[in-house]
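Top line first, the protein sequences correspond to chains R and A. Start counting the first sequence at 1; every next residue gets the next number (our numbering). Start counting the second sequence at 154; every next residue gets the next number (our numbering).
Keep in mind that the hints were calculated from the coordinates and are not lab data. Keep in mind that a hint or two might mislead.
To be verified - In silico lysine-lysine, DSS-like type, Cα no more than 30 Å apart, as pairs:
{"hint": "1", "chain 1": "R", "residue 1": "K17", "chain 2": "R", "residue 2": "K64"}
{"hint": "2", "chain 1": "A", "residue 1": "K162", "chain 2": "R", "residue 2": "K123"}
{"hint": "3", "chain 1": "A", "residue 1": "K162", "chain 2": "R", "residue 2": "K47"}
{"hint": "4", "chain 1": "A", "residue 1": "K162", "chain 2": "R", "residue 2": "K133"}
{"hint": "5", "chain 1": "R", "residue 1": "K43", "chain 2": "A", "residue 2": "K162"}
Only a predicted model underlies this, so the values are computations on that prediction, with no experimental measurement involved.
Listed below are the residues making up each chain.
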Amino acid sequence: MQAHQGQIRAFLRRLCKNEALADDLAQETFLRAYSRLDQLQDKSSQKAWLFQIAYRIFLDYIRKENRRKNIDDQRIQPDTMTPAAPHGLKMDITRAMNALPDDQRAAILLCLSYGLSHSEAAKALNQPLGTVKSHIARGKLALRAFLTAYEKA
Amino acid sequence: MMQENSEDKIFQDLLSDYSAPVEDKGFSSYVMSNLPTATSTHKSLKRAIVGCAALVGGIFATMQIPAFWRYVNSMSLPKVDVPQMNLASIDTSTLGSSYTLAAAACMAMLCVWFASTLLFGDNM
Numbered sequence: 001m002q003a004h005q006g007q008i009r010a011f012l013r014r015l016c017k018n019e020a021l022a023d024d025l026a027q028e029t030f031l032r033a034y035s036r037l038d039q040l041q042d043k044s045s046q047k048a049w050l051f052q053i054a055y056r057i058f059l060d061y062i063r064k065e066n067r068r069k070n071i072d073d074q075r076i077q078p079d080t081m082t083p084a085a086p087h088g089l090k091m092d093i094t095r096a097m098n099a100l101p102d103d104q105r106a107a108i109l110l111c112l113s114y115g116l117s118h119s120e121a122a123k124a125l126n127q128p129l130g131t132v133k134s135h136i137a138r139g140k141l142a143l144r145a146f147l148t149a150y151e152k153a
Numbered sequence: 154m155m156q157e158n159s160e161d162k163i164f165q166d167l168l169s170d171y172s173a174p175v176e177d178k179g180f181s182s183y184v185m186s187n188l189p190t191a192t193s194t195h196k197s198l199k200r201a202i203v204g205c206a207a208l209v210g211g212i213f214a215t216m217q218i219p220a221f222w223r224y225v226n227s228m229s230l231p232k233v234d235v236p237q238m239n240l241a242s243i244d245t246s247t248l249g250s251s252y253t254l255a256a257a258a259c260m261a262m263l264c265v266w267f268a269s270t271l272l273f274g275d276n277m
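Next comes chain R alone, as it looks inside the complex (with noise of 0.2 Å):
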């Protein structure tokens, strides 16, 4: 759990934008995947595996509070617990990847950064390997024009 902590956390944190509540997807995360823990029969794909669980946990609560009709304001109050905001490009990047949507900000992330290939990443986010690969190419498309647009200004 050590292991993956780290980035099941940050790409908690960075879909929900509230750290707190990030933690706590991330700890019911780790507790399904325990209880589940019979499921997983490639110990090789343990990570997409929990990337998986934490994204299906991201969703429920989302769909949960959807269904209470205050997402938006739960997820625009800015976050107390950020220890320190960003300057310059870190925060323009926080800004251009917090403006993608959803599941192309996850798809980013997990290809990009978290290093899982397309595939694993289609099974994580449980769509298919071509919607995971347009997700990824759009979200590029994003940060490529914001990039042009940090050099022009």
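Put chain A on the given structure of chain R with help from the hints.
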């Protein structure tokens, strides 16, 4: 391909801070302390006990069905005069066995449901 790889590298560098893993700071030990303590031995034992109890209960319940059926048959209902219908013409010889089967099936389903609820809980 090379260009794509180098671009990926640029993106990875750009996102390195954004997606940096979070420090543990006691998170792992906190989660470990909240893990359920039931071991696989306990689970197997629980499964065996519940299975045996369901089996014994099912057998006992099935054994009681004839007595129950005799009791039901011994009950006498007030006779109602229905001039339009001739109830005596209905063949009741097969009703006993079908009722017995239905009652046994209900009992079996109840036992299975009860056992699976205890065994699998919320996972079902």
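So, going through the hints one by one against the coordinates:
1. R:K17 to R:K64: 17 Å, holds
2. A:K162 to R:K123: 23 Å, holds
3. A:K162 to R:K47: Holds, at roughly 21 Å.
4. A:K162 to R:K133: 17 Å, holds
5. R:K43 to A:K162: With a Cα-Cα distance of about 28 Å, the restraint between K43 (chain R) and K162 (chain A) holds, given a limit of 30 Å.
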